[in-house]
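Starting from the structure of chain F, add chain R where the hints point.
The primary structure of each chain is shown beneath.
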Amino acid sequence: MTKKRINPRNAYGETLVELGKKYPNIVVLDADLSKSTKTIMFAKKYPERFFDMGIAEANMISTAAGLASCGKIPFASTFAVFATGRVYDQIRMDVAYSKANVKIFATHGGISVGKDGASHQMIEDLALMRVLPNMTVLTPSDAPQTKKIVELMASTEGPMYARVGRASAPVIYKYEDLKNLRIGEGIVVEDGDDVSIIACGTMVDPALDARKKLLKENDIHVRVIDMHTIKPLDKKLICKCARETNAIITVEEHSIIGGLGSAVSELLAEEGFSIKFKRMGVKDTFCESGDPKDLLEKYELNEKHIVKTVRQMI
Amino acid sequence: MRTHSTNLIHKLNLIAVKIRKHVIEMLYRAESGHPGGSLSAVDALVALYFHHMKHDPNNPDDPDRDRFILSKGHAAPALYAVLAECGYFDVKELKNLRKINSRLQGHPVNYMIPGVEASTGSLGHGLSFAVGVALAGRLDKKNYNVYVMLGDGETDEGQIWEAAAAASHYKLDRITALLDRNYLQIDGNTEEVLRLESIRERWGSFGWNIIEIDGHDIGEILDALHRADEHTRQPSLIVLNTVKGKGVSFMENNVDFHGVPPNEMEYRLAMQELNLLEKKLEVYY
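Chains F and R are the protein sequences, given in the same order. Take the first sequence: its letter number 61 is residue 496 in the working numbering, and every next letter is one higher. Take the second sequence: its letter number 263 is residue 284 in the working numbering, and every next letter is one higher.
Chain F extracted, bound-state conformation (with noise of 0.2 Å):
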């Protein structure tokens, strides 16, 4: 059965055009990516409130700090190399230092990008924004969840990066389904007592078809918990997790250093969890050019390499 996918971008363009509406202080902000990033769809709407500051990353995010200061709920969008590394200082001092009230929603991320190559191919802004302090950190992993979080980010006060990827994700949820989702608070999408899967993004879907396989095939019964949010942690999601499964896998489109698997790996060693751990990402190696289904297979980040990882772990 083929799924149903829809890009996440694309969410992420009709939900702030749905938001302008409820808002009247969103502004929003693009570095000549509006119709890749979907922020032209708010553009065409609300053309006085939405500010194209040209290939400048730099000044675009401290711009948005300046209209924080004045009440402005500014959301900011371009891919993630260019929202993250390349002004980290600017979301250092002017965002996350300063308690703004920035939105920056960054699309692109993971290697699944393709073949634009390593260059645009971003594996370290989890960890670049995890580390900075009052910053938030969201990962979407279908279309209804990224409505629902880009409505939260502009509820919730405070610093907020969030990234989807490039390409259209299959559908996981009903947006119905997702009015008690919080910021902070993982989900159980399939529950399970063998093995625990906490995977981000577009990790979350290929674990879910890995989990089939691995309940019709083997009988192993995996837990899948969708961590859309990185930061804050948690922590009591996943000790559960420690305490009620045999071993845990984390699964991310990111580096296997500073991101999801290293934030979950913390939170273990800390509270004294001697258990089976394995971190799936990105060896910490850059990656290449190709189509991104071959990405993810030459990089292990796919359904097959899950199921590989669980039944070595078993």
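Treat the hints as calculated values from the structure; they're not laboratory data. Fair warning: there could be bad hints in the mix.
[Claimed, not checked] No farther apart than 25 Å at their CA atoms in a straight line, the calculated lysine to any residue pairs in the SDA-like style are these:
(1) F:Lys480 <-> R:Tyr191
(2) R:Lys192 <-> F:Pro459
(3) F:Lys534 <-> R:Tyr109
(4) F:Lys470 <-> R:Tyr191
(5) R:Lys39 <-> R:His76
Leaving out everything else, chain R in the frame of chain F:
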């Protein structure tokens, strides 16, 4: 050109000396900080806060207030002294500069001290912040002005030029940047470290209205601010020709006092000079 009463100018000059004394006292007690660039910025700050800007220390969050952003955050002592003397907080607190558990951080933090708009200290951000404030003001149909002080060395930063382009593109005529043109940065003369001239041609080509004045002449500063406010369709840059370390003879044009506080002897000498200057001004008054 508007002319201001000699009484007003005299009063502001006297306040400027007082602020300089605070700066020296604060840095001496803190045993660290930046005397040179604080002293060169004092006269413009005094002109803004004690006469030109629309602001109310009792209502620092007034949405209609004029905004001042100290992009060269290392001149924090001068800003703190001015804010305290205006009544934003107790003057006695100035002695806590750079001390543990104090609000007066080495570089300003927006939410800690009433009257501070932006957290600065990493150079090059303030003009972009001002762009955001001016865009918000336009959306909200407010009439406030946005003043931002830049160091001359600070304009080495690429972000300054991104912001200069944006302010011009969006025709943010409410923005007035004040360039503290003291010709010195840590490694030496600005023209030797990374040439800035021609400032007039560079900023002019970015679409800015340029006004060049003596940055220690209160009358000229007030006139320039007025002209900048009146100018439409373009942001304005006031080039304040200043002297780094202004007001303390042995600190003037001395790059060694960029980021080094006075020792005890230097402190006493500096205060002596400033006290003398204050007396002279008082007698004249």
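Now the hints, each set against the structure:
Simply put, F:Lys480 and R:Tyr191 have alpha-carbon atoms about 20 Å apart, close enough for the 25 Å limit, and the pair holds. Using a Cα cut-off of 25 Å, the hinted pair R:Lys192 and F:Pro459 holds, with the two alpha carbons roughly 23 Å apart. With a C-alpha separation of about 21 Å, the suggested pairing of F:Lys534 with R:Tyr109 holds against the 25 Å cut-off. Distance restraint check for F:Lys470 and R:Tyr191: the Cα-Cα separation of roughly 21 Å lies within the 25 Å cut-off, and the hinted pair is therefore satisfied.
The suggested pairing of R:Lys39 with R:His76 holds, with an alpha-carbon distance near 21 Å, which does not exceed 25 Å.
In summary, the structure agrees with every hint in the numbered list given earlier.
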